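Colleague: Each number in our numbering corresponds to the 1-based position in the sequence shown with 1 added.
Honestly, the hints are just simulated from the structure, not real lab data.
Certain hints may be false.
Unchecked claim - Derived EDC-like pairs: lysine to aspartate or glutamate, alpha-carbon spacing no greater than 20 Å straight-line: (1) K213 to D237; (2) K80 to D68; (3) K213 to D224; (4) K213 to D223.
Stated by the list, open to error - Computed beta-carbon distance windows for the label pairs: (5) G94 to F240: 43 to 49 Å; (6) P83 to H242: 39 to 45 Å; (7) D84 to R217: 43 to 49 Å; (8) D61 to S277: 31 to 37 Å; (9) G32 to F240: 37 to 43 Å; (10) A62 to H242: 39 to 45 Å; (11) H65 to P161: 48 to 54 Å; (12) H151 to S127: 26 to 32 Å; (13) A252 to K80: 26 to 32 Å; (14) H273 to A4: 30 to 36 Å.
Here the structure is a predicted model, which is why all the values come from computation and not from measurement.
Even glycine gets a Cβ: it sits at the ideal position worked out from N, Cα and C.
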Amino acid sequence: MSAKPIVAATDGSPESLRAVEWAAREAALRGAPLRIVSAAELLPRMMETRDGPDVDTVTDALVHERDSALTTAAEQATKISPDLLIDTDHLSGAPAQAVTEAGSGALMLVVGSRGAGAFTALVLGSVSRYAATHASCPVVVVRDEVAASHRQIAVGIGDPDSSAASLTFAFEEAALRQAALLVVHAWTRPQVGMEKPFWALGDPGAHAMEGKLAQRLTALIDDWRVRYPDVEVSQDILFGHPGRALAGLSARTDLVVIGRHAAHHGPGAVIHAVLSHAHGPVVAVPSA
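Turn these sequences into a full structure, and let the hints guide you.
Modeller: Following this line, the structure appears as C-alpha cells:
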C-alpha cells in the first residue's frame, strides 16, 4: 500500500463528483488512501466563525455547502470502494491556491474540469487550470462522463530531454491497468507562404524528418520498455498541433498523459489546448 494519498477536490457539482469517483478507483488500484478536500470561497472581509448568534449568514451558507460537498463525496467514494481509507479536509484561503497546495506530497491531485460556480464552495473551472499548471504533483483533470474502458493510455512527448517524469507516470499507469501504451509526438511546420503544411505537398523532406523523429522516439522509450516488459507499447508521429492531436486521442484512450514545464503554461500552451478540448481524463505531470 502506498503511504502517499491521492487527493481529490470537490465542490459538490456533478463534475467534481466524477473526479472523486475517478480518484477513488485510482486509489483502490494503487492501494493508496484517498483524501477529499474542499474550500469555501469566501468573499472579501468574510471569515468562518464558530461563535456568535444562531443566525445564518452568507458565510454560514458557503461553509455548509463545503461541508455537504465533502460528506457527499466521501459517501460516493465509499460506494466505489468500500474498503478504501478515506479522509476529508476543509481548506482555507483562496480555492485555487488551497487546492493546489493540498496536492503537495500526494501521488496525484484529481479535479473536475468545471465547478458549480456562483454561490457554491469551489469553482473548479479556474481551480483545475491553476492546479494543472502549478501543482508540484501530477494533476488529473476529469472531463465529461468516463466512458467504457479502452485499455489504452496515451502519452504525448514534446521535448525528449524533459519527458522522463511523464513517461514514468504513463508506463506505471499502463502497468497498473494492464493497458497498452501509445507514445506520440505531434509536430507542425508550415512552409512560409504556403496554405498547406509542407508534408501535405509530398515534400520528401517531411518523410526524412518523420523517420528521424520515429528513430529518436524509439531510442527514448527503450529504457522504459526494459523496466516495464509487460506493457505493450506502440508509437506514432502525428502531424498537426500537439494540443489538437492529444485532445483527439482522449476520445479513444482511458487517460492522456502530458508533461508540464514551469516556463510553458501560458494561454497558448499545449496543456491549455488539451484541457479545453479533451473528451476524457488528462494528467499533467510536472517535469522532474
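Colleague: Against this structure, judge whether each hint is valid.
Modeller: We went through each hint and held it up to the structure:
Note on K213 and D237: the hinted pairing holds, with a Cα-Cα distance of about 12 Å set against a maximum of 20 Å. For the hint pairing K80 with D68, the CA-to-CA distance comes to about 19 Å; that is within 20 Å, so the pair holds. Simply put, K213 and D224 have alpha-carbon atoms about 19 Å apart, close enough for the 20 Å limit, and the pair holds. At roughly 16 Å between alpha-carbon atoms, K213 and D223 fall within 20 Å of each other, so this suggested pair holds.
Judged by the Cβ atoms, the range 43 to 49 Å given for G94 and F240 holds: they are separated by roughly 44 Å. The beta-carbon spacing between P83 and H242, approximately 44 Å, falls within the hinted interval of 39 to 45 Å. Checked against the given bound of 43 to 49 Å, the beta carbons of D84 and R217, roughly 44 Å apart, stay inside it. The hinted range of 31 to 37 Å is satisfied by D61 and S277, whose Cβ atoms lie roughly 35 Å apart.
Distance hint check: the CB atoms of G32 and F240 are about 41 Å apart, consistent with the given range 37 to 43 Å. Between A62 and H242 the CB atoms are about 43 Å apart, so this pair conforms to the stated range of 39 to 45 Å. Separation of H65 from P161 is about 50 Å and conforms to the stated range, judged on CB atoms against 48 to 54 Å. At about 30 Å, the CB distance of H151 to S127 agrees with the hint of 26 to 32 Å.
Roughly 27 Å separates the CB atoms of A252 and K80, a value that falls within the hinted 26 to 32 Å. Between H273 and A4 the beta carbons are some 33 Å apart, a value that agrees with the proposed interval 30 to 36 Å.
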